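For the protein sequence lines, the chains are A and B, in the order given. Position in the first sequence counted from 1, then plus 270, gives you our numbering. Position in the second sequence counted from 1, then plus 270, gives you our numbering.
In case anyone wonders, no lab produced these hints; they're calculated from the structure. Bear in mind the structure is a predicted one, so any value in this text is a computation, not a measurement. Wrong hints could be hidden among the right ones.
[What the hints assert, rightly or not] Only pairs whose alpha carbons sit at most 30 Å apart, straight line, appear in this in silico DSBU-like list of lysine-lysine: (1) B:Lys473 - A:Lys473; (2) A:Lys371 - A:Lys308; (3) B:Lys745 - B:Lys715; (4) A:Lys549 - A:Lys690; (5) B:Lys767 - A:Lys395; (6) A:Lys396 - B:Lys395; (7) B:Lys396 - A:Lys473; (8) A:Lys396 - B:Lys396; (9) A:Lys767 - B:Lys473; (10) B:Lys690 - B:Lys544; (11) B:Lys396 - A:Lys395; (12) B:Lys568 - A:Lys395; (13) B:Lys549 - B:Lys745; (14) A:Lys473 - B:Lys767; (15) A:Lys568 - B:Lys396; (16) A:Lys437 - A:Lys287; (17) A:Lys396 - B:Lys568; (18) B:Lys767 - A:Lys396; (19) B:Lys568 - A:Lys473; (20) B:Lys396 - B:Lys568; (21) A:Lys395 - B:Lys395.
[To be verified] Restraint ranges, calculated between C-beta atoms of paired labels, are given here: (22) B:Thr706 - A:Asn429: 41 to 51 Å; (23) B:Glu626 - A:Arg294: 55 to 65 Å; (24) B:Pro717 - A:Asn429: 25 to 35 Å.
[As the list claims (entries may be wrong)] Example chain A residues on the side facing chain B (calculated, C-beta under 10 Å, incomplete): (25) Ile277; (26) Leu419; (27) Thr476; (28) Val483; (29) Gln521; (30) Asp527; (31) Ser534; (32) Thr656; (33) Ala664.
Quick reminder that beta carbons are idealized off the backbone N, C-alpha and C, glycines included.
There are 2 protein chains.
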Amino acid sequence: MFESAEIGHRISRKAYKEAEPLLRQALLDAQFALLEKKHSAVIVLVNGVDGAGKGETVNLFNEWMDPRHIRTEALSSEGPGAHAHQGRPAMWRFWQVLPPKGHVGILFGNWYTDPIVQHALGRDKKNRFNARLEEIRAFERMLTAEGVLLVKLWFHMSNEGVTERFKSLEKDPKTAWRVTAADWERHRHYDQFIQASAKALRKTSTGEAPWLVIDGSDPAYRAITAGNYLLENLRRAAQEPTPTPVHAAPQPPAPLDGRSLLDSFDYQRHLERKVYEDKLERLQGRLNGLLRSPELQKRSLVLVFEGVDAAGKGSTIRRITQAMDARHYRVVPVAAPNEAERAQPYLWRFWRYLPEWQHSVIFDRSWYGRVLVERVEGYCSEHAWTRGYDEINAFEEQLTEAGALVVKFWLAITPEQQLKRFEARQATPHKVHKITPDDWRNRDKWPLYARAVDDMIDRTSTDIAPWHIVASDDKLWSRVEVLRLLCQRLEAAVAGKA
Amino acid sequence: MFESAEIGHRISRKAYKEAEPLLRQALLDAQFALLEKKHSAVIVLVNGVDGAGKGETVNLFNEWMDPRHIRTEALSSEGPGAHAHQGRPAMWRFWQVLPPKGHVGILFGNWYTDPIVQHALGRDKKNRFNARLEEIRAFERMLTAEGVLLVKLWFHMSNEGVTERFKSLEKDPKTAWRVTAADWERHRHYDQFIQASAKALRKTSTGEAPWLVIDGSDPAYRAITAGNYLLENLRRAAQEPTPTPVHAAPQPPAPLDGRSLLDSFDYQRHLERKVYEDKLERLQGRLNGLLRSPELQKRSLVLVFEGVDAAGKGSTIRRITQAMDARHYRVVPVAAPNEAERAQPYLWRFWRYLPEWQHSVIFDRSWYGRVLVERVEGYCSEHAWTRGYDEINAFEEQLTEAGALVVKFWLAITPEQQLKRFEARQATPHKVHKITPDDWRNRDKWPLYARAVDDMIDRTSTDIAPWHIVASDDKLWSRVEVLRLLCQRLEAAVAGKA
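Make the full structure from the sequences, and use the hints.
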């Protein structure tokens with residue numbers, strides 16, 4: 271991995287002085303083309319050996335380009351803020367700093383830093399290290415599919431090279447402060463660090479997002495090499511992506527007998543108001559108690575409500591939040607993505623709202639829009655929604671592993687019931703705003719939505735995050751059923767079974 | 271995962287009789303279009319619950335289509351043949367039965383069977399199961415990238431459904447033989463099997479190769495559903511693949527200072543013939559002894575020789591084989607792929623030659639052709655060779671994990687030395703056949719090859735399979751050095767360190 275970066279590449283001071291102004295201008299031009307075209311975002315990962323010029327290169331990039339459109343982040347695995355994400359998946363911090371399309375993000379300290387350090391120090395064993403590297407591969411594959419260009423720079427220097435560099439810095443009183451005891455201490459683990467790094471590079475140098483290993487020993491050489499490579503990437507990112515031929519998998523077929531999971535339910539369920547009120551109160555009490563269980567101190571709750579218009583999502587959510595402490599929950603209504611959200615990978619806007627331990631987030635519609643409305647209305651490409659199932663499952667797996675209990679409800683109503691509710695809304699002055707021409711249009715596409723729902727449940731009702739389908743023609747029965755299922759899931763979590 | 275396959279989908283006998291002849295004709299037509307176009311191969315994976323119609327569907331597919339162009343394989347994880355692959359990676363068996371382009375392979379018993387069974391029975395724990403599923407994802411991604419269409423059929427039936435089916439088969443004396451004690455025994459583990467399966471399906475239902483879960487309870491319904499889906503896939507496979515826009519990563523840049531790893535070596539090394547003969551003999555003896563070490567009983571040896579024309583690969587290999595037992599080694603010279611090889615995924619022709627335990631295979635040129643000659647001469651797309659590094663690393667990781675010691679040599683000579691040898695060959699009657707116009711043409715592309723070699727070493731000299739670069743202008747010195755390095759690696763293996 272590091273062989274050719276140890277032969278002492280260098281260029282003369284003169285060559286540097288000739289190349290630098292040209293490179294600088296070209297980088298600025300490419301940066302502005304990127305910003306204008308907004309096809310994609312560019313993420314630069316800066317990793318490597320301490321002392322091999324990581325920080326200097328980041329400074330140069332910011333000097334060479336217009337820093338207003340660059341977001342530079344140093345997310346260290348130690349120090350303050352590193353563990354503020356309690357209960358959120360490890361990738362959460364990085365989702366917070368993804369650059370939007372047209373912009374450049376420089377991540378100096380990134381998703382490689384902690385896995386490599388933990389493995390080098392022997393804290394993460396082989397299996398855990400492998401699992402984290404696989405998670406990174408999946409994450410980067412998703413980013414690439416969403417149009418992000420990853421520029422992965424690895425600055426290398428040999429063990430002796432680092433020792434020499436530290437010593438020469440220490441000798442000069444003007445630079446001695448740059449080498450600390452902590453630097454020497456980390457350097458003691460050079461070999462373990464290199465071993466862990468070599469494996470990480472091997473496992474994550476993919477066709478879409480390869481690593482570039484740069485010899486860090488000569489500042490001029492490494493600066494121009496890194497700059498040229500960044501330039502080439504910026505130029506590519508400003509162009510239309512190149513089409514690569516692939517055989518797309520066909521869409522799941524519609525069931526031959528026309529029967530769907532949704533119409534296999536008994537929609538005749540009914541509850542008398544008096545029984546309802548009694549059951550509701552008891553279930554709300556049970557829910558409130560469960561949420562305060564000491565066993566759930568390191569857990570969070572992610573609730574997802576999906577269903578056609580007028581299925582009763584909002585009113586059901588209110589019956590749940592009535593049992594919750596306002597400081598500990600948040601309801602996130604999800605509509606069409608805004609401009610800032612469209613400039614990011616699809617799941618970005620949901621990552622923002624993930625709860626900490628002991629908190630709940632209730633999504634009124636959710637990331638399932640990708641495989642429902644976006645699929646049916648053609649708001650995204652077939653390629654995007656067909657890979658969506660897998661990305662959603664991976665997302666929910668990360669949530670679950672970070673301690674979230676993911677509970678997903680589909681409130682199922684019949685077309686007849688929806689019609690009744692639409693008509694009732696139109697007849698009620700304070701509800702008429704709840705019904706729009708869009709709602710009527712969506713209704714016409716009922717069979718397409720029904721098929722998308724079936725596929726969604728088939729592909730995303732998983733061992734870790736099953737769907738609960740609740741027949742909701744009778745609102746009272748539905749609300750009680752949702753609360754009952756939620757309490758059941760929480761009880762399993764309290765018992766350590768989920 | 272299995273929800274919508276438990277609602278008892280069915281179609282009438284009449285509907286089946288109407289659909290079947292049309293489907294049959296369409297399948298035949300699609301099969302012949304596939305065969306004519308040869309864009310891709312189609313692999314049908316048939317998995318699911320016992321009793322849900324797997325075998326029946328495979329029989330139907332063979333009946334409906336022309337079986338001459340279908341290869342049906344039942345690779346069971348138990349029974350004879352299952353462990354004949356000692357020392358070969360677990361995927362080896364499946365590489366042996368991949369259908370060539372234009373053909374259909376039906377794998378009934380495939381790379382999912384053993385991982386699911388081993389995990390369901392508690393033999394493979396979570397980490398191992400995850401690792402095997404990741405390996406499958408990588409394998410299927412490679413197949414898809416190489417133009418294979420994967421049709422993944424999962425036949426499902428509820429626990430009660432299977433029990434009922436077994437009982438009704440047992441009641442009828444004509445079918446009672448179809449249910450064995452072993453079937454009932456396996457059925458006892460239904461729940462564990464379903465749990466493991468649900469996870470496998472979640473982790474491997476990707477955008478490129480999703481699973482289709484089919485309700486297996488009604489033979490007519492499942493047959494037409496599976497047939498229609500296969501038809502849709504065959505039709506897609508017979509068409510040109512659809513271009514999907516991706517931002518390809520740029521090629522690794524050429525070093526700014528024009529220096530390459532290869533020219534950082536000392537080519538002046540030299541050995542007197544007398545010293546050489548003495549050293550050679552001693553090293554050959556050492557090698558022979560090492561190969562017979564009891565510590566290497568469950569290991570194999572994979573040797574790779576690469577280098578420009580006339581670098582001395584053949585003569586070096588002969589010095590190695592002189593120390594080997596003819597029953598235990600095989601030399602595989604690698605030239606341009608033939609027609610059968612071009613109809614398969616790139617690595618296919620190398621998988622065929624992987625050694626068993628205690629055997630050695632010596633590749634005279636190898637899979638590195640992908641990132642050397644194919645890259646430089648444009649024999650494959652940029653997309654193919656840029657993902658090649660990752661695929662090669664994954665391949666060598668599988669080799670290593672199966673017990674192979676992978677030792678790779680680049681025999682490095684200077685252009686001047688190559689010219690001398692070319693001229694000598696042309697002047698020697700019995701060597702003149704060894705030099706062709708191609709050799710002279712390749713020589714003109716020296717700088718392109720040098721860059722490809724540098725990239726190759728940077729990207730594939732890994733912790734598990736490092737490259738050894740041996741300066742070979744002096745053949746005697748080079749041969750001794752190769753033997754020395756080989757013995758060193760074997761000694762590390764004997765000591766349990768590799």
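Hint by hint, here is what the structure shows:
Restraint check for lysine 473 (chain B) and lysine 473 (chain A): satisfied, since their Cα atoms lie roughly 19 Å apart, inside the 30 Å limit. For a cut-off of 30 Å, the pair hint linking lysine 371 (chain A) to lysine 308 (chain A) stands: about 5 Å separates their Cα positions. Taking the CA atoms of lysine 745 (chain B) and lysine 715 (chain B), the gap is near 23 Å; set against the 30 Å cutoff, the hint holds. A distance of roughly 26 Å separates the Cα atoms of lysine 549 (chain A) and lysine 690 (chain A); the hinted pair therefore holds under the 30 Å criterion.
With a C-alpha separation of about 18 Å, the suggested pairing of lysine 767 (chain B) with lysine 395 (chain A) holds against the 30 Å cut-off. This hinted pair checks out: lysine 396 (chain A) and lysine 395 (chain B) have alpha carbons roughly 15 Å apart, not beyond 30 Å. Restraint check for lysine 396 (chain B) and lysine 473 (chain A): the C-alpha separation of about 21 Å stays at or below 30 Å, so the hint holds. Our distance criterion of 30 Å between C-alpha atoms is met by lysine 396 (chain A) and lysine 396 (chain B), whose separation comes to about 14 Å.
In summary, the hint linking lysine 767 (chain A) to lysine 473 (chain B) is supported, as the alpha carbons are separated by about 21 Å, within the 30 Å threshold. Only pairs whose Cα atoms come within 30 Å are accepted, and lysine 690 (chain B) paired with lysine 544 (chain B) is accepted, the gap being roughly 23 Å. Distance hint between lysine 396 (chain B) and lysine 395 (chain A) is fulfilled; the C-alpha atoms sit about 15 Å from each other, no more than 30 Å. Taking the CA atoms of lysine 568 (chain B) and lysine 395 (chain A), the gap is near 25 Å; set against the 30 Å cutoff, the hint holds.
Our distance criterion of 30 Å between C-alpha atoms is met by lysine 549 (chain B) and lysine 745 (chain B), whose separation comes to about 14 Å. Taken as a hint, the lysine 473 (chain A) and lysine 767 (chain B) pair is honoured in the structure, with Cα atoms around 21 Å apart against an allowance of 30 Å. Only pairs whose Cα atoms come within 30 Å are accepted, and lysine 568 (chain A) paired with lysine 396 (chain B) is accepted, the gap being roughly 22 Å. Our distance criterion of 30 Å between C-alpha atoms is met by lysine 437 (chain A) and lysine 287 (chain A), whose separation comes to about 27 Å.
Only pairs whose Cα atoms come within 30 Å are accepted, and lysine 396 (chain A) paired with lysine 568 (chain B) is accepted, the gap being roughly 22 Å. Restraint check for lysine 767 (chain B) and lysine 396 (chain A): the C-alpha separation of about 16 Å stays at or below 30 Å, so the hint holds. With a C-alpha separation of about 26 Å, the suggested pairing of lysine 568 (chain B) with lysine 473 (chain A) holds against the 30 Å cut-off. Annotation: proposed proximity of lysine 396 (chain B) to lysine 568 (chain B) holds, straight-line Cα distance about 26 Å (limit 30 Å).
The hinted pair formed by lysine 395 (chain A) and lysine 395 (chain B) meets the criterion: a straight-line CA distance of about 16 Å does not exceed 30 Å. Separated by about 46 Å at the C-beta atoms, threonine 706 (chain B) and asparagine 429 (chain A) satisfy the suggested range of 41 to 51 Å. Range check, glutamate 626 (chain B) to arginine 294 (chain A): Cβ separation about 58 Å, and the 55 to 65 Å hint holds. Distance hint for proline 717 (chain B) and asparagine 429 (chain A): a CB-CB separation of about 31 Å, consistent with the stated range 25 to 35 Å.
Proximity of isoleucine 277 (chain A) to chain B holds as hinted, the smallest CB-CB distance being about 4 Å (cut-off 10 Å). For leucine 419 (chain A), the interface hint holds, since its Cβ comes within 10 Å of a Cβ in chain B; the closest pair sits about 5 Å apart. Interface hint status for threonine 476 (chain A): upheld, as the beta-carbon distance to the closest one in chain B is roughly 5 Å, under 10 Å. Residue-level restraint check for valine 483 (chain A) holds (minimum Cβ-Cβ distance to chain B is 6 Å; threshold 10 Å).
This hint holds: glutamine 521 (chain A) has a C-beta 8 Å from the nearest C-beta of chain B, less than the 10 Å allowed. About 5 Å separates the beta-carbon of aspartate 527 (chain A) from the nearest beta-carbon of chain B, less than 10 Å, and the hint is met. Nearest Cβ of chain B to the Cβ of serine 534 (chain A): about 4 Å, under the 10 Å cut. The hint holds. Satisfaction of the interface hint for threonine 656 (chain A) is found here, the shortest Cβ-Cβ separation to chain B being roughly 4 Å, below the 10 Å cut-off.
Taking 10 Å as the C-beta cut-off, the interface hint given for alanine 664 (chain A) holds, the closest approach to chain B being about 9 Å.
In terms of the numbered hints stated before, the structure departs from none.
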